[in-house]
Each structure stands twice: as C-alpha cells, then as structure tokens.
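Number of protein chains: 2
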Amino acid sequence: MNYLEQSFSVKFDYKIYFTSSLFELGNPLLADFFKGRPSAALRKIFFVIDGGVTEKHPNLQEAIKTYFNQCQEVQLVPEIRIVPGGEASKNDTALFEQLVEAVNVYGIDRHSYIAAIGGGAVLDLVGYAAAVSHRGIKHIRIPTTVLSQNDSGIGVKNGINYKGKKNFLGTFAPPVAVFNDDRFLETLNDRDYRSGISEAIKVALIKDPEFFYWIEAHTAALAARDPESMNYLIRRCAKLHLDHIAGDDPFETGSARPLDFGHWSAHKLEQLSNFTVLHGEAVAMGIALDSVYSFLTGLLSEEKALRILQVLSALNFSISDPIIQIKDSGSAILKGLAEFQEHLGGLLTITLLTDIGSGKEVHEMDHQQLINASAYIAGFTKENTALNSIRHES
Amino acid sequence: MNYLEQSFSVKFDYKIYFTSSLFELGNPLLADFFKGRPSAALRKIFFVIDGGVTEKHPNLQEAIKTYFNQCQEVQLVPEIRIVPGGEASKNDTALFEQLVEAVNVYGIDRHSYIAAIGGGAVLDLVGYAAAVSHRGIKHIRIPTTVLSQNDSGIGVKNGINYKGKKNFLGTFAPPVAVFNDDRFLETLNDRDYRSGISEAIKVALIKDPEFFYWIEAHTAALAARDPESMNYLIRRCAKLHLDHIAGDDPFETGSARPLDFGHWSAHKLEQLSNFTVLHGEAVAMGIALDSVYSFLTGLLSEEKALRILQVLSALNFSISDPIIQIKDSGSAILKGLAEFQEHLGGLLTITLLTDIGSGKEVHEMDHQQLINASAYIAGFTKENTALNSIRHES
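Just so you know, the sequences run in chain order A and B. 1 is the number of the first residue of the first sequence in full-length UniProt numbering; add one for each residue after it. 1 is the number of the first residue of the second sequence in full-length UniProt numbering; add one for each residue after it.
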C-alpha cells in the first residue's frame, strides 16, 4: 500500500494552584505565574466573570484592576466582561460570539490570555471561545464553585449547548493554569456548596475507597461547611480527576467513561426538571439509583449500598425526589438510558459498583430492576426520615 | 507553593494514502480502511464536497453512493452536501452552521466520520465543523488540488474566516486519514495546478536542497503537467510538511514559523487582490521577494537568488506583477509586514535564506532593501522576458 505515516505526541501540562484571595495585592501567586512565563511579545489578559460571582463580590473587578496595575507582566485589556452565570450562559450563542468579537476588538493573540472566573458553565463557555479563537488563546481558569474546583473546572473540556443539546459544540483544550481560590466558596449558598460534593462521592466510589470512608466520617463537618474539610475534599477529588484524565484517554477517543457513573439518569433528570435540579443534586440521585441497582443485580453487598445511601442522606441530598422515581416502564427517566446510549454512539456502557472504590462496566440495564431500585430508595428514605425524627425527638 | 501538577501526552497518528480513483468499485483502499477500524457501535459517514469538484466530476456523488452500497462497514447518511469552493466557503458562517445542523439532524456521533472532498478552503471549513461538533468527530480529508494534497490538506489545522480575518476561528485537529487521489488533479485548470507548486518550492528552499534541484531539473515536465513528476513532487513535499509538523511544535505553541517563508507579503497580496491572485501565486511572488532580499542583505549569493527566480519564471509564475511591486515606503505591501508582526503577537519573525535549503530567522526587515529587491525582480523579469523572446525568435 502506498502511504506516508504521520505520528506525533503533544505534551500538555498545567498546574492547579490552591490559594486564598487571589487578587489581594499581598498575594504574589498570579504575578509570579506570569513572571515564570516570560515573553518577548506584548501579552494581554482579558477577564470574563460570572455575573453570579460579581454579585457576591462587588469589589472583584476593582481588585483585578488594582492587581494588574502592580503586575506589569501582562496588560489588562480595558474591559472586564460580565456574563450571566449558570447553564444559561451556555445556551446563548450570542455570548460566545460576543467573546470572539472581544478577541478581535482588543487584539488578543495567541501569546495573550483569556481568564474566566466563575462556575463550570461560564468556564465552559469562555474556554470554548478561547480554544477556537486564533486556533487557541491561552486560557486561565479560576473556578468559584465546589463542583468546578474539584471536577469540571480543572479538566480539559469546554463547550456550549446547541439547540438544547448539552455540549454539542466544544473541544478538548487544556488550560495553561487553574487557580482554586477558597474564598469564593464562602459566598456560595448551601445548595451550590453541597451539590459539588456528589462528584467527589462519585469518583471515590469508582476509584478510592479510603476517600469514600473519609467522606463518610466527615459528613457532619461538610454539612456544617467546615472549610478545612472542604479544602481537603476538593484537593483529593481534583487529584483523582487529574489522574484519571492523564492516565487513560485524555481526549476521550475511546468509549470507556467510568467517570460517568451515576450520570445517565442525572443528565435526564436535569433536563426533566428544566435545570431547576442542580447537576450535583442530580448526580447524587443518580449515584443512589445505580448503587442500589448494583446491589439488586448481585454486584454489590446491601451493606455497602446502604452506606452510600446514608452518606448521601447525611449530606441532605434529596435522593428520593418524585422526579427521579421510576414507577413503571413508561417512566421518563428510563428514556434517559436510550438517550445516553445514543450519546455514546450506539453501544451502551454503564459503570456499576462491585465494591466501594471498584467499578465494573455493563452494557445493558434491566428496566424492572431499575424500578425496584427506585422503590428501594424511596423505602430507605422514608425509614431514615422516621429514624431521624425519632432521634430528634429523643 | 500549594499546587497539583497535571501532565500528559496525547498521541496522534494518521496515514496519507496515495491512490487513483478512490471511489471506483475495484479500489479496496477506503473499504479496507474502515475494516481496519472495527467498532461495536454503528458508524455513519457524512460527505461534504467542494462545488468546484462536483462540477468537474458530475458522477462523483453517484460513485460514492455505489461504493458505500458495497462497503457496509459504515453507513452513508442520506445526504451528500455540496458547498461552494474556494475562500468563499470560509467567509460564510452560515455554511459552518449548516454543517453543525447536519451533524445534529443525521445523528453523527464521535464514532462516526465526516469526510471532506475538495480544495484547502473546503477542507478547512469541514475540518473545523468536525472538530468542534461533539468535541470532535472523526475527520477524513480527500484533497483535490495540488496545494491541498502536498500541504494544507495533510496537516493538522482547520479554520474559517471571521469579519475578513483569515482563520480567525479554528483548531488544531489531526484527521484520522487523508486520501490523495491523483485523478482529481487532471481536471484542475492550469492556474490551480501550477499554484500548488510554490509551496513545494518554499519547503525545499527551507529544508531540502536536493528537492529544490530536482524541481529545477523538472520545471519543463511540471509546466507540461507530467503526472509522474507531479506525483513525486506532491509526495516529497507532503513528507517534508509532515516531518515538520511532527518534529517541532505540532500545535504551534511557540513563535517559530519557518514554513511561513515568503508568506508575510503573500498574505497581504492576496488581500490586496481581493483574492483574485491565488494563494500559491502570491507565495511564489513572496518567495521571489524574500529570496532577493536575502541576497541584497548579504545572506544569500546572487547566483542562488537568480536560480530561484529562474525556477519560478520557468513555471510561469508572474513574480513581478505590479500588485507586488514595492515602489516606495508608502507601498501597501509594506503594511503587510506590520500586520504579520501583529499576527505573530508583537515580535516579528521572518525566515530568510542563507543557502538553497537553509533558513535563518530575522526580526526586522529594512524597507529600502525591500524596495530594492522589488526593483531587482522587475529588472530580472524584463531581462528574462527579453531573453525568452530572443530564444523564441531564434
């Protein structure tokens, strides 16, 4: 056969820094980062901030301007852009186009930086705009939620939605750095704070039994928003995600997706709730469902399944919400299984549990057993609530 | 300092196949390619073809349908999309959006393929749509011009224009395979056929003196469209480009761009001519300019500079067109130097020649010497034309 063969590897590396008050003048971390990347070319930096963050941190823009007055390594462009937070930012193509337009207007080139401050959705939007402008402008992520600091904000994916389809447009494009600032977590409401914990539980269940038992032992501290416990959780969860990305198939060319444990129903649930249920809340419900399914199909012991349900309950996740309940084979949630299969390209691959910390891939799920699993969770919750009432009374 | 470090490499490999009549039923190459990539999932293939190609090859769509009736490894989607050829296809964002819409309508997932048949512009458009849909659908390139078969179609870049800025949106995304079918070259007009040769001269001048002397010895055969000579030229040029991409900095994170030899003025020239001058024609003029500039600034011998001009002339490139002439310091071409500098991010880097096959980077160009070089080329052409007239007369 007559051919030439092309083969090369591209190396990617970046650091995830943990800090407090990133833009405080006394904090040299960000300035040092730019000093460590000298360049003969003039470099600019364009900040895009989640509107939910500026609302809680009204002085943030001023702090950034003051910081870059001191840090002359890069030139702050005249505008700091604010975009709406949450999934809405990924649904509105105009926001993407306006970012590209800003790259054009401010002359932001491949030596320059676009920094995003916000939750996972805003990071996804800005990351995508950065990735495709000039075939990739250097991108800095400053995640502000538990979920984005331990999972979505530290990885290599970006994307926006298209015609209601999640992440229909996007790329794999590693950032040049991630800065996790724990002060942003203080202003999260309880739902946002808690919902990020479910991805930590998920990755612990698949990969790290010790971590799961640590979470089990710290549910009270986490529920009470103990900063030290949360910092530990985020860092360990981030490490597990990073190792997974680096170790296996960073740009997901294959079909195996163990980190999607608990996610097939979660995706559907988010959609059914019109995104009023947060991603992390939906994942908690999905973990409960697939853990009990693992028990009912003989893969996992009942004791382990119950420990998982107890951890989720202790963190106040509403795992038996009517919206996740599968009453019969016509349930809307079950349609999520077919959609997930389509999303994977025809071959269904679901990760279940054989133990705390050990996953196993299966290629079909039994609808009746899913109905049974849903009923089991409803029963557990009822009992547990009753138990809690007794405890509270005593 | 408190951080986690992420580091991984992503391996990319693909083959560039050389063939004749790719879609002839007796040609097993494409069918074998898919057989060699078995999959449990149903895979689809969506073809997008350059309108300039279907015009010359009216039976192409039918041939593709017949071929995939026999090849059951992948399922041809019901539509074969035709898009306008040439730079126009990259200027119209609607074409990009319609491709993304087709991905949605036909349910083309990450296990499926989008194949593009056409010149470099169409490959760039389709490659970009494939790269960002579902974070990357497998992309097959079937380049149909000399330029795309030896250079633009075999590499890792894609892109579309935005607000008149070339490749403003794009990514680095290697294809899964490239099929160079030499039958497509037969129907090219002389300008398109010839213009692709200038990129071969360029890469030879920078990297491969033997190849330059081979071209010099084969100008008559190439001008006469001898297929064997052209196949050799394409393959050797493709190999040099592939080696360059693999060896150095595949996704161009640094500033060095030796393959941009002769391109700073070519880009400007294309724009000034409103793209009536073809890219390859503009590159030929740019090569002439920077080669003579290399001689006038003492880097290159006059004999070598003259040999370059003679090769370009023998291939009928119009290297002293009034549009490239630099009469004074107010010349529009000189503005291209500033624009190229801006494009590179502030630090000008230009490759000049120290010998046939050897480049050297410089960071400034003298306007007066560029004016002198332009006058030198005009003089050479005049003399050469006079010489040719004498020869023709004799």
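Errors might be hidden in some of the hints.
[Unchecked claim] Quick list of in silico lysine-lysine cross-link-like pairs, DSS-like style, CA-CA up to 30 Å:
1. A:239 with A:35
2. A:239 with A:15
3. A:138 with B:65
4. B:239 with A:11
5. B:163 with B:207
6. B:11 with B:166
7. B:166 with A:163
8. A:35 with A:11
9. B:165 with A:163
10. A:166 with B:163
11. B:239 with A:165
12. A:163 with A:11
13. A:35 with B:360
14. A:11 with B:56
What the hints contain is simulated information worked out from the structure, not anything from laboratory work. Computed from a predicted model, the values in this text were never measured in an experiment.
Broken hints, by number: Hint check: 3, 5, 11, 12, 14 fail, others pass.
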